[in-house]
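Kindly produce the complete structure, drawing on both the sequences and the hints.
Line by line, the protein sequences give chains G and U. Residue numbers for the first sequence follow my numbering, beginning at 1 and rising by one. Residue numbers for the second sequence follow my numbering, beginning at 1 and rising by one.
By construction, these hints were calculated from the structure, which means they are not laboratory data. All figures in this text were calculated on a predicted structure; none of them were measured in a lab. Treat the hints with care, since some could be wrong.
[To be verified] Pairs of lysine-lysine residues, derived as DSS-like cross-links and limited to a Cα-Cα distance of at most 27 angstroms, are as follows:
1) U/795 <-> U/756
2) G/631 <-> U/855
3) G/829 <-> U/855
4) G/795 <-> U/839
5) G/406 <-> G/445
6) U/821 <-> G/821
7) G/855 <-> G/839
8) U/63 <-> G/756
9) G/756 <-> G/650
10) G/911 <-> G/379
11) G/77 <-> G/151
12) U/855 <-> G/855
13) G/821 <-> U/756
14) U/829 <-> G/855
[As the list claims (entries may be wrong)] Label-pair restraints from in silico Cβ distances:
15) U/687 <-> G/409: 49 to 59 angstroms
16) G/687 <-> U/682: 25 to 35 angstroms
17) U/510 <-> G/685: 38 to 48 angstroms
18) U/690 <-> G/569: 30 to 40 angstroms
19) G/502 <-> U/688: 29 to 39 angstroms
20) U/690 <-> G/682: 29 to 39 angstroms
21) G/678 <-> U/688: 52 to 62 angstroms
22) U/571 <-> G/687: 25 to 35 angstroms
The beta-carbon is built from N, C-alpha and C at its ideal position, and this holds for glycine as well.
There are 2 protein chains.
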Amino acid sequence: MAKYVYFFGKGKADGAKEMKELLGGKGANLGEMSRMGIPVPPGFTITTEVCGFYEDSERYPSKIEDGVKESIARLEKIMGSGFGDSQNPLLLSVRSGAAISMPGMMDTVLNIGLNDETIQGLINQSGDPRFAYDCYRRFVNMYGDVVMGLKPESRDDIDPFEDILHEMKSKAGVSLDNELSADQLKELVGLYKAEVKKRLGRDFPDDPMEQIWGGIGAIFESWNIPRAVAYRELNNIPEDMGTAVNVQVMVFGNLGETSGTGVAFTRNPATGDNVFYGEYLMNAQGEDVVAGTRTPQPINIIQKGDRKIISLEEERPDTYRELDEIRHKLDTHYKEMQDIEFTIQKGRLWMLQTRSGKRTGVAAIRIAVEMVNEGLITKEQALMRVDPDQLNQLLQPTFDPHEVHKAQKEGRQLAEGLNAGPGAASGRVVFNAPDAVEWAQKGEKVILVRWETSPDDIRGMDAAEGILTARGGMTSHAALVARQMGKVCVAGCGALDISYKDRNMKVNGRVISEGDWISLDGTEGVVFMGQISTRPSEILRVLLEKSLAPEDSPTHQTFHQLLTWADEVRRLGIRTNADEPEQCEVALAFGAEGIGLTRTEHMFFEGDRITSMREMILADDLVGRERALAKLLPMQREDFIGIFRAMAGKPVTIRTLDPPLHEFLPHDEEGIEKVASAMGVPVDRIISRLEALAESNPMLGHRGCRLGIVYPEITAVQARAILEAACTVAQEGIEVLPEIMIPLVANVEELTDQKKVVLDVAEQVFEEQGVKVDFSVGTMIEVPRSALTADLVAKEAEFFSFGTNDLTQTTYGISRDDSGKFLMPYVEKGIWPHDPFDKLDQAGVGILMDIAVTKGRSTRPDLKVGICGEHGGEPSSIDFCHRVGLDYVSCSPYRVPIARLAAAQSALREKMH
Amino acid sequence: MAKYVYFFGKGKADGAKEMKELLGGKGANLGEMSRMGIPVPPGFTITTEVCGFYEDSERYPSKIEDGVKESIARLEKIMGSGFGDSQNPLLLSVRSGAAISMPGMMDTVLNIGLNDETIQGLINQSGDPRFAYDCYRRFVNMYGDVVMGLKPESRDDIDPFEDILHEMKSKAGVSLDNELSADQLKELVGLYKAEVKKRLGRDFPDDPMEQIWGGIGAIFESWNIPRAVAYRELNNIPEDMGTAVNVQVMVFGNLGETSGTGVAFTRNPATGDNVFYGEYLMNAQGEDVVAGTRTPQPINIIQKGDRKIISLEEERPDTYRELDEIRHKLDTHYKEMQDIEFTIQKGRLWMLQTRSGKRTGVAAIRIAVEMVNEGLITKEQALMRVDPDQLNQLLQPTFDPHEVHKAQKEGRQLAEGLNAGPGAASGRVVFNAPDAVEWAQKGEKVILVRWETSPDDIRGMDAAEGILTARGGMTSHAALVARQMGKVCVAGCGALDISYKDRNMKVNGRVISEGDWISLDGTEGVVFMGQISTRPSEILRVLLEKSLAPEDSPTHQTFHQLLTWADEVRRLGIRTNADEPEQCEVALAFGAEGIGLTRTEHMFFEGDRITSMREMILADDLVGRERALAKLLPMQREDFIGIFRAMAGKPVTIRTLDPPLHEFLPHDEEGIEKVASAMGVPVDRIISRLEALAESNPMLGHRGCRLGIVYPEITAVQARAILEAACTVAQEGIEVLPEIMIPLVANVEELTDQKKVVLDVAEQVFEEQGVKVDFSVGTMIEVPRSALTADLVAKEAEFFSFGTNDLTQTTYGISRDDSGKFLMPYVEKGIWPHDPFDKLDQAGVGILMDIAVTKGRSTRPDLKVGICGEHGGEPSSIDFCHRVGLDYVSCSPYRVPIARLAAAQSALREKMH
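See below:
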């Protein structure tokens, strides 16, 4: 018979850390800690498999009934207490725990086992009626909320229990919960239960077994609540993974001044520093720390800095020492930064959780690199530990210090808070998540301001540029989620007085209303009024500005170290898409090994060029077109000279003209008149040309090589500019490796035609210049037909480059510009697991790529194949490119580091399999 | 060593009819006739291989020099004459001849060997100086024209030899060529030669060997002249096939009144009647008959009818009898209608050519069917003999006899001519081919009027609705080409006096100018002024109007017979694309076995429906949309009831809404205002909805299943209409087989979503109606992704139907609407062997279809697969569908017969391999 209930406690456990899929992360790690001899309140885990048959009344709960009963009996024996015993009651917590950590997404119920009889036992045990009744009223509140569903339904709704509590406090004339007396708390329990009865028409359950089954069921049910579904969608977590349920003996952090609770990281999750980092609150339960309802204290002296507060290290040095030892033990044992929860009950330390902790990109790199240096992990493990997309955070701009100084001088600094999510963001204030989503969809940049965030706010946080909260610490929900998302966050900004109703906040005597601009410095933890301009990040100052020496930036050092390791293992080449020398410089600084795509059309939009281009388009005949093109030749040649010099010795792929000609003409009345008078051409001429060039579906129209085939003179002048530039630069003693790329080829015959134009020009140019340079002619693979007939296309093409933007459009029959109308329903209905324009559609477009590579190499075994669509900078797409055998990926300059790491991970993944 | 020169003559031959590829059709058949003992002037054939190396000076002419010399020596021996002998000169003709007949496309040179010395020998031989000098001046004219290139270059240019001849005639005061005296003709030779010298700066060649090599070279060169290239393009003849050259001893049809020349068919090429059919001219050369410069006489009494002219049967009964015997011999030997050329030299008959003859669609069917009945060929051979596209001619309308009668009463009958190309056509008069092409491109219907047509007019004839010539008979160039193209043609209409310069013609005292409307009755050979309305063809009168009894129409009988044989052998099912019961009736009459595509959107454009449709589109919410859709439900249900009744017992595939919604709204100001006031909606509302619905690339936008996914209520109401109709008709005792087809599926998940909507509705409808009907749900395969993932799509789809219009667009990345801008250069440059929207691109789109069929059946072995794109009615595409294993093709009702025959041919072709 399958085992569905796993016990742990007293230095032993049925489970271990390797069993995450079955026991969830929390359950597996509770078992592991127990085995390691770390003090863990005993308990048991109901496996994730049970989540799968929770809704099947034939199997649930019959399959686990015995296991749960036996385990409770075992806990009673260990603790010497009884579940429901009025003298010495056993109290239990129920918590969710899936294989992949979903922080704060799932629900928790504490103090199960309390009723009007067992409360006496708790009073006896604790000797503190106030504590006992506080536990009781918290239990009824939490159980009523989570298990019985008495939650506020909308953002304007009132929480029924909050309402009663509020009334009780004003009746008692107090402002804080802990100022209520035992009797008042007891009265509260009665009022809460009456409210349950009133609202639901049934009694609050008093039977502990009924309570525990209710709790377990609620956890399983919560797997499918909308915010959990939304989180999984955002994070691509499979729906069928399921959650486990952890039932544990209660320990109390709110049992007076020698009790407390805290959350900590074994290293600093924002910077990666190898120092113990955490927060705690004495006389409190865990929720108080995580939910951010009270701002907690720092765990040690280092973290406290010069703030006038006390740290755990000072307040309870023995407990801190024990905790610090556990921290070392876990960090070394797991060889990963751990996110831990602990409770101190009457001076005794209990560990409630350990798990791999969320961290910023900076921290992720630093921890990975330092753990290699500490001998804990290998370089390969370090490379696999960093999410490539996180590298992007290191390149994000920060506020320009001069602008910050100016803002301060102008008195625009509003308040300070905790630097919970590094970075800089300006945006307009909104006070709730749905507004954040709405405004962002309209193209507004927003800052989401909340008293505290909750899992319901996930979508709003994702839509916002930054998050500002009034309460909560470095480990609050807002801080954790912001860091994971790479969002700027200032948390625990106590000066804020927010009114959701009035849609404004008072801050140090000022009123900031919805829609006002504010700026968040998440690295320093400061809030400003208005917008503040930014400057490049530390990495950029080292690599591009060179205003910072590499040795002065530990961030750069670890970044550089990790990417050097990445370069050692990756097989894929990394190129960049760049149209001008400046972009080349950036890409080279980031480690690009060549250019995968130079779009020549961008060159035609500047200054005089657009005029010559228009002259060409408006010309009546070949002679007129050639005259206009002759004017463009020297300008284009200069462009290519600049690029070839910058890319010295590295390959440069240049694509011939791609967009339809009408893109170069003005389309509005005013623009047409302007151009007509500037060019001395009648307005009618331009209008009639526009009419002649108008297309029903420009994406599928007269563009790409179809232009060059109808107007070979365009291809010829471009080939001439490229090859003349190549000769010039080669004569300077700089190596040039031009690759001329013909776009939108569907039939090999198109390529044959265009290649001939290029080769004829090459012969002339080399003759004229008296030099020869090696070059190649290849094609974009961006419509299905060229992929399907790649064996034929490769007869002419010396290289392929996948244009996956267009290839995705044509494979799906979807115009990216028009897909907005159905994108949301498609993602929401799960028809698209993700937008195929963001992540390469491996199951469809990928088949074509595979066909193209295989057929292309069947004709030309040494065919060079790359990708230059936007997917070339997206990690999962890069992984596919590696697997399908591409030679290189090409992406925007700023994504080159991401591509280097992603390519390394692909190579390592291959090695592992 | 390879043999490049093949000899024939005196009842023997190196070649035979099977060697067409090597010797060309003419050469192979000259050899065959010689072997058969039919009198053929002896000669030799230079093989088509030589055409391939003609431009290679290393190999040409050295490889054939000996063969040519030896063959000429052999001819001298047979004829007892000498090439260049002044006493008894051997004269030769040089003619082209490719494997596939290209009538009149290639050039010919006659009388080679004539010069100022040998002319004396010819005078001696013929005893007729006038004849001899006429030969000489014809030779210099023809040689100067064809070999030396002295041709008029444009339509306004003057033919230099024509000019000199014209002057000579006016000087001599005569109007016809044959009124010139021997001396005048001799003078003409001198003038011609002087003109050559003047224009080219070199002498006309007098050496017979130089002449013969010039002639041979000119033939090979003429393979690549524009009109030959154009003809091959139009007829899909490969460029590398090459032509052979036939050198033959001259025989003269212009050697006095006992000489003559003619062209004939072994059966009637217009009707297929098994009677000898042809034309001749006494004292003339072959060119005079074919080029139509003189209108020839009928070959026999039957054909003469009651015309007041003499026939060959009467004029030379012995020759006619001999010719008729040869006709029978050839018809039986080749088991095919032959197109023959003959010359009578001083009473002796010589056969110059036999080949399979061009014929109309009616004739093709009749001859094929009758040859089966005559025991000459098998049913299978008969099926392979008819070009499926020719069936289309049988369905073309003819003039309504009432209208013709009216036109005659109104005095609008202009003239009578030969009924050279059956059918009826009205159009505006143009007088040259380039104008015909230009006008047709602008959308005008034109009738091309010429004195006579020449191969240069091919493109113009193709662009015209009909062709009218003043000269030339039933076997003239105009008549031959028109019949082959299926164009209406009235030839030899002697009443026309055409002035190309004034762009008008005088006809029986009336003047018809360029741009005037005329009408041609090609079946009767009558020309009318103005337009005349048409009525259905004979076949349609039998099948649809039922105004003609089947037994009264031999055309219908053979048509029916052939298609019945086709049905016996074909494997592919034939369905039709029909949106309304009337179309169903037509398709059923033509033999359709079901509907492959009913487009529901057409139903929404009629009357009230468009209003309800617009209401739906303008609705703000689901309730509004559902209200509007409810109004459409009963109307749609009625449509489907009509279709199900008509198609009783046959499958009906219905596609859910496909086009983007903006197609249902007006786009112009006036239209918008009209709709706004009719619907009581503000103009702004419509404009803003239009703006919201506007798309950059509508073809790739919010359409197809993407509509149904965002608005499931649309799919639901359509499914309801279909299934309610099915229940109603089923309850009438009529079998219904609905197949609901979801368009534009790219991911199987889209189909899953839409199928669920349909199945849910079905359950409700069957419950409400108390009946159940079998139905299936399938999908269009019209974007590459669904083809590539067909294994997954087939998990949900119960059938596939290829939408090859869209599939071609997306596979190429080309919008059909926009491809006009580069279609011509693409076809001209040979990048596209044909427009992929006309003929299925087997090499590209075909790969996707193959993948889809294979993958789809790997999941669902009994998957039904069809095609409903326009390619479903095109023979080469149908052949591909057969080979790739489709179950059926679906085409427009009028193409059903074509599809039946094409499908039969595919099955037979498969059997043969």
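Now the hints, each set against the structure:
1. U/795 <-> U/756: 13 angstroms, holds
2. G/631 <-> U/855: The given pair, whose Cα atoms are some 54 angstroms apart, is violated under the 27 angstroms limit.
3. G/829 <-> U/855: With a Cα-Cα distance of about 26 angstroms, the restraint between residue 829 of chain G and residue 855 of chain U holds, given a limit of 27 angstroms.
4. G/795 <-> U/839: 25 angstroms, holds
5. G/406 <-> G/445: Roughly 23 angstroms separates the two Cα atoms, so the pair holds.
6. U/821 <-> G/821: 30 angstroms, violated
7. G/855 <-> G/839: Within the cut-off at roughly 24 angstroms; holds.
8. U/63 <-> G/756: 32 angstroms, violated
9. G/756 <-> G/650: 25 angstroms, holds
10. G/911 <-> G/379: Roughly 14 angstroms separates the two Cα atoms, so the pair holds.
11. G/77 <-> G/151: Not OK: residue 77 of chain G and residue 151 of chain G at ~36 angstroms, beyond 27 angstroms, violated.
12. U/855 <-> G/855: 19 angstroms, holds
13. G/821 <-> U/756: 22 angstroms, holds
14. U/829 <-> G/855: Cα-Cα ~26 angstroms, so holds.
15. U/687 <-> G/409: 49 to 59 angstroms: Taking Cβ atoms as reference, residue 687 of chain U and residue 409 of chain G lie about 50 angstroms apart, which means the hint holds.
16. G/687 <-> U/682: 25 to 35 angstroms: 31 angstroms, holds
17. U/510 <-> G/685: 38 to 48 angstroms: 43 angstroms, holds
18. U/690 <-> G/569: 30 to 40 angstroms: Since the Cβ atoms of residue 690 of chain U and residue 569 of chain G sit about 55 angstroms apart, the hinted range of 30 to 40 angstroms is violated.
19. G/502 <-> U/688: 29 to 39 angstroms: Check passed, 33 angstroms falls within 29 to 39 angstroms.
20. U/690 <-> G/682: 29 to 39 angstroms: Holds - the Cβ-Cβ distance for residue 690 of chain U and residue 682 of chain G, about 31 angstroms, lies within 29 to 39 angstroms.
21. G/678 <-> U/688: 52 to 62 angstroms: About 35 angstroms separates the Cβ atoms of residue 678 of chain G and residue 688 of chain U, which means 52 to 62 angstroms is violated.
22. U/571 <-> G/687: 25 to 35 angstroms: For residue 571 of chain U and residue 687 of chain G the Cβ distance comes to about 55 angstroms; the hint is violated.
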